[in-house]
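Enquirer: Protein chains in written order, with numbering that gives the first Met the number 0: chain A, 0 to 259; chain B, 0 to 259; chain C, 0 to 259; chain D, 0 to 239; chain E, 0 to 239; chain F, 0 to 239.
Keep in mind the hints are simulated off the structure, nothing from the lab.
Be a bit skeptical, because a hint or two may be false.
[To be verified] If the Cβ cut is set under 10 angstroms, some of the chain B residues that face chain D in the computed set are:
#1 E37
#2 V40
#3 K43
#4 G95
[Claimed, not checked] Listed next, the stretches of chain F that the computed footprint assigns to chain C, with coverage defined by at least 3 CB atoms under 8 angstroms from CB atoms of chain C:
#5 91-100
#6 191-203
#7 208-221
Because the structure is a prediction, the values reported are computed rather than measured.
A virtual CB, placed ideally from N, CA and C, is assigned to each residue, including glycine.
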Amino acid sequence: MSDNIVAEIKKEYIYDLAKRDERADGRALDQYRNISIETGVISKAEGSARVQIGDTQVLVGVKIQPGEPFPDTPDKGVIITNAELIPLASPTFESGPPREGAIELARVVDRGIRESGALDLAKLCIEEGVKVWMVFIDVHVLDYDGNLIDAAALGAIAALLNAKLPNERYDMGKDAQLSVEDLPVAVTVAEIGGKLLVDPCLEEEQITPTKLTMIFNKDDAVAGMQKSGTGMLTSEQVYQAIEMASKKAKEIRKKFLEKG
Amino acid sequence: MSDNIVAEIKKEYIYDLAKRDERADGRALDQYRNISIETGVISKAEGSARVQIGDTQVLVGVKIQPGEPFPDTPDKGVIITNAELIPLASPTFESGPPREGAIELARVVDRGIRESGALDLAKLCIEEGVKVWMVFIDVHVLDYDGNLIDAAALGAIAALLNAKLPNERYDMGKDAQLSVEDLPVAVTVAEIGGKLLVDPCLEEEQITPTKLTMIFNKDDAVAGMQKSGTGMLTSEQVYQAIEMASKKAKEIRKKFLEKG
Amino acid sequence: MSDNIVAEIKKEYIYDLAKRDERADGRALDQYRNISIETGVISKAEGSARVQIGDTQVLVGVKIQPGEPFPDTPDKGVIITNAELIPLASPTFESGPPREGAIELARVVDRGIRESGALDLAKLCIEEGVKVWMVFIDVHVLDYDGNLIDAAALGAIAALLNAKLPNERYDMGKDAQLSVEDLPVAVTVAEIGGKLLVDPCLEEEQITPTKLTMIFNKDDAVAGMQKSGTGMLTSEQVYQAIEMASKKAKEIRKKFLEKG
Amino acid sequence: MKGKPEKLIVKGKRLDGRKLDELRPVKIEIGVLKRADGSCYLEIGNNKVMAAVYGPREVHPRHVQEATRAIVRYRYNMASFSVEDRKRPGPDRRSIEISKVSRESFEPMVIKECFPKAAVDIFVEILQADAGTRTAGINAASLALADAGIPMRGLVSSCAAGKVDGQIILDPMKEEDNYGEADMPIAMVAPDNVTLLQMDGHFTKDEFKQAFELAKKGCAQIYEMQRQALIAKYGAEGKQ
Amino acid sequence: MKGKPEKLIVKGKRLDGRKLDELRPVKIEIGVLKRADGSCYLEIGNNKVMAAVYGPREVHPRHVQEATRAIVRYRYNMASFSVEDRKRPGPDRRSIEISKVSRESFEPMVIKECFPKAAVDIFVEILQADAGTRTAGINAASLALADAGIPMRGLVSSCAAGKVDGQIILDPMKEEDNYGEADMPIAMVAPDNVTLLQMDGHFTKDEFKQAFELAKKGCAQIYEMQRQALIAKYGAEGKQ
Amino acid sequence: MKGKPEKLIVKGKRLDGRKLDELRPVKIEIGVLKRADGSCYLEIGNNKVMAAVYGPREVHPRHVQEATRAIVRYRYNMASFSVEDRKRPGPDRRSIEISKVSRESFEPMVIKECFPKAAVDIFVEILQADAGTRTAGINAASLALADAGIPMRGLVSSCAAGKVDGQIILDPMKEEDNYGEADMPIAMVAPDNVTLLQMDGHFTKDEFKQAFELAKKGCAQIYEMQRQALIAKYGAEGKQ
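Extracted from the complex, chain A is given alone in its bound form (with noise of 0.2 angstroms):
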């Protein structure tokens, strides 16, 4: 009971202070927390890239290999993402196979490096109908302090830009790196009392009734979108939300993708 008193003063507060413009943590309402990236930090993994941005912190791994293509896209190589909320990287996390929460994660991630191209599954085949690169990317996330899906996604292609084709090991060839074609950026804002935030930290996640994630290319077009929560937004709520994230995709891939 006392808990959720404590939880009520709380998030009185933020809404409070989202009416002034201001955050608990100090941040302007479009301020990301500091973002740092280490890639190559799992040399088993053919890329990998450790993303921290605030205190949440995200680890995701790379591995390629070579596979059968579906039939149904037999010159197209294939990509498949997973996300595991290991019950390390936060109290309500728990064991067990995934949940919707890591599922809508491990997607979203998934269509924003699909939907953009930053991979061309045609030059993932290796021969037709027999043999192409599976490309896994693997979301670990290592502390939860809110924002997985921006950190993910980050993570995701930082770590695909990291990584090799591993020709040597199968017999074919010298490794390469992989090619990789657009830079998407996730961005997420939370809309509270009104006003709209980026980069919620976990406090404010656990009070915002909508977030709403947005994933720009290279070219600001947008490549995905994903809405989530229990709340809604206005039309110009949404007009707003895709402005402020454009913004600050940009502003993300200039500083940590573009550099190489």
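Put chains B, C, D, E and F on the given structure of chain A with help from the hints.
Expert: Just chains B, C, D, E and F, lined up with the frame of chain A:
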């Protein structure tokens, strides 16, 4: 508790009626509720039928796809029957993998089709040891008001009568009608207070200790039987049930399956 | 509650006895219960053995079938060991997928067979990279009165000694005795009040904090060890346990496995 | 599966003859199941869906109850025979995600405070699928909720817009979904509340705006059909 | 698996030398397990089954309890090595169905009112299978229940009749089951109560009658063997 | 996977240049996760593991509670990308066994009586694997428990000894594990308590003794590193 009292009163009422050869919905002991069959309702399926027996409503879809034969029957097609007691159909059905009720339903329907010889598995062989037709019979219960087995079995044979071999889709010539060799009909009889009655509705099913399903071929031979429930029958009741069911099976077959 | 008191009294009693080098059933600390082995009890299995150690009763069946080798060992047969703690064998066993106890049991038995070199996997290759013998060792516990590992391990090696390669069934010539290269024996020692005792019965198992299973080859070398339980051992106790177990393993091997 | 047609839009008409901003034909039947507390059968184009609502009713594993309000559950499920290649029965990752976002599209509309500790269960079965099953399911569920007499703040209406051959279209069907460049299902509650919004593909910001406005118009048309269906069933006052 | 023999009945004798109406040899051992409250090992022909009973005992997930009587549970399980081709461990659809109908064959016999809120658990393990495992399991379970002292209204006895080469036979073995034309397992309780009845294949009504009467005779013989086994174990008065 | 090298030990040096009785380099970071009550990141050679501890905390399915003391749970899990060939996510038989013996290596050390009815949950994630993950996980878990302030009777320190080319070595790495003749992971608590002991391969009794003594020395070295890491983090007095 009061639920139990209501149930108890209802039970006594139905038993009293049965003593006088009567039923709560006015039917005679050997009378089915209204039956209706609509075939070809799902154009994506190779065959389909919607069967209503009173308020019980079942949708059966038949999918036919090429696949590998079992190693010990390399020259025979494959029948796979599945039933889903989806929670949409009844407040007592739950999500999750099929439980014993759904499994028994599917297996009795399957044996009816299989043991009656309704399908000649040899005719479903495409290339011995390599490729055969797999016939999937999927029973989707939509509204559960008792006597699912009869409805599902009727839906299965009606959907098979409606089904086409999709040769075109797999570049094997023209689509052809699936050849159906027999017309099995399942009739379920319930025992209440020593009396036997066909086609138990839900109310009757909930209080009957014993049901006996019998499946008859065109030639009036028995192709399958299944006693279910926590009660027992005398030999005399078994013989009486068979006579009762055999007559009903003929009527149903004539009215609904032999029209074509 | 009173259950707990009884358990507590029994525990004290067993600890007191142990102090005096005694056991509730009159055995010496280094004494096994009666062991009996009957082989060839399941004619449908390629090899089988029923082992009783006191009231503990285990049935081990060996099935041998052709199958594909693992990609990284194309010239080697495959051993798969499984244990079922079926609810028939104890009020504390439950239906469902194997839990940690059953998994540990299967894996320790498996390592005993594997690491001792009892089977020469190279001899189980039929056609390199294509077809090898798969040896399934299935441990079925029938009555659980403690010390399952020793009984299951003994059953496994006895069933292998009893097993035939079913060449005839697969048109590969005459059936042949499975070649067994070593005779591993597992001996489990429990620690109670600082004393070590072999072959703990259920009563002893329930109160011992620590068990140590040791598996010995014909040449008296150690092929496997597994400490289990929530207690600990001193180095001295480990050395003492090994001496104790090595002696017992020799006796059991001589009496039950080397007769042929 | 046949290959991609050369063009999906010819002279402003789509493969099935529709205009770019035209919905597929819709058929609605309310109250078609006996056991459910509310139900609705809905067709849109070649999609056939059945929705049933049970509740408010007791929640069984007690720890999922909420002390002050009802919980809403939503199960989207495809019949194995609803698609070209037989689908294995049971939930998969796709249906779990769809169930989640669909449930969330109803959460703000159901007046949950009316039924503390209870559950409102929404079951949607896709009997035949031809692109747009999640939106069809939401539309049917909305009417099944009304049929069950669950108090709502408004009717949820759902529709997708997409992009094919570079043009924005309303309510994509299977071929348009397979070979199109973008797909965006949304759900709306009057006057201007977005309760579902998903999108994948490639929209410039202008295209997004065009598609979003078109999808909203589609929802408005769906809403009108839903309203008419309720009136036809229960009279102008709606069900009491 | 060898191919079908040309004939399954030669000069009135079956492949294993039996007459048409003859049971396979039966061996019964009661009380063979220490941990179980009651147990029975039974062989019939090449079938080897073990049955154990636990109970009456507390039921764990409390919501499965019944307020005024015991629940009966039955688990039929095949050991992976019990058949030619190794069976994957764990329940499959067949064993789930058999467990259900077997349980139902005991439900009317167990005097459940004696043990409100409790469970009687029957576990049957098929150690070797050669057609007729469900009937063998029921026969063993019946004796395990008696061994456990569970109050019963009668002993359940079970046996199948079948049709091979057009003739009705008692107690089909594997080849007769594989290549026969019909199989009908039943369970009976004296004097004339059918508690299990399944059938598949092809019986004219006359054949059905013949087979049904034959199966009942088989059950009567089994009953006599069960009774003798109990007397041998507990004396003429049965177990107190 | 490359083939077996001709020799794993050349002139007393191992493939990575280590002496026979030398540990791989160890790196320890304590308190690296925000959400966990205690955490530790640890590298040893090419192994990278993360351990987190939650607790004491409420246990959810109440029937797993113990009235007079805390329960300890331990979950060892490998990230799918931690090994050459991608591992399917989720527990397998190997990880279930490792979780069991690892938990048992801590059970005698956690002072469970302090927290009746509560749980202490230890989660170990193997981020990169190179032989010795279970011992690395235990070493990290030990520090995560200390970081969480869980009262312990001592620090658990873990290390393996093995046999390659007929010689006893400390702390085998992947190639040595794959092509070696024996592997024996142990866990120790000072002064002389063995809390984990597993072994497979082939040890004469003398070799066993040699390996066991070497592994204990390894544990002692690990213990010293753990102690230093705690001092570095919390000062000589340790965490209050």
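Enquirer: Kindly indicate which numbered hints from before are broken by the structure, ordering the numbers from low to high.
Expert: 1
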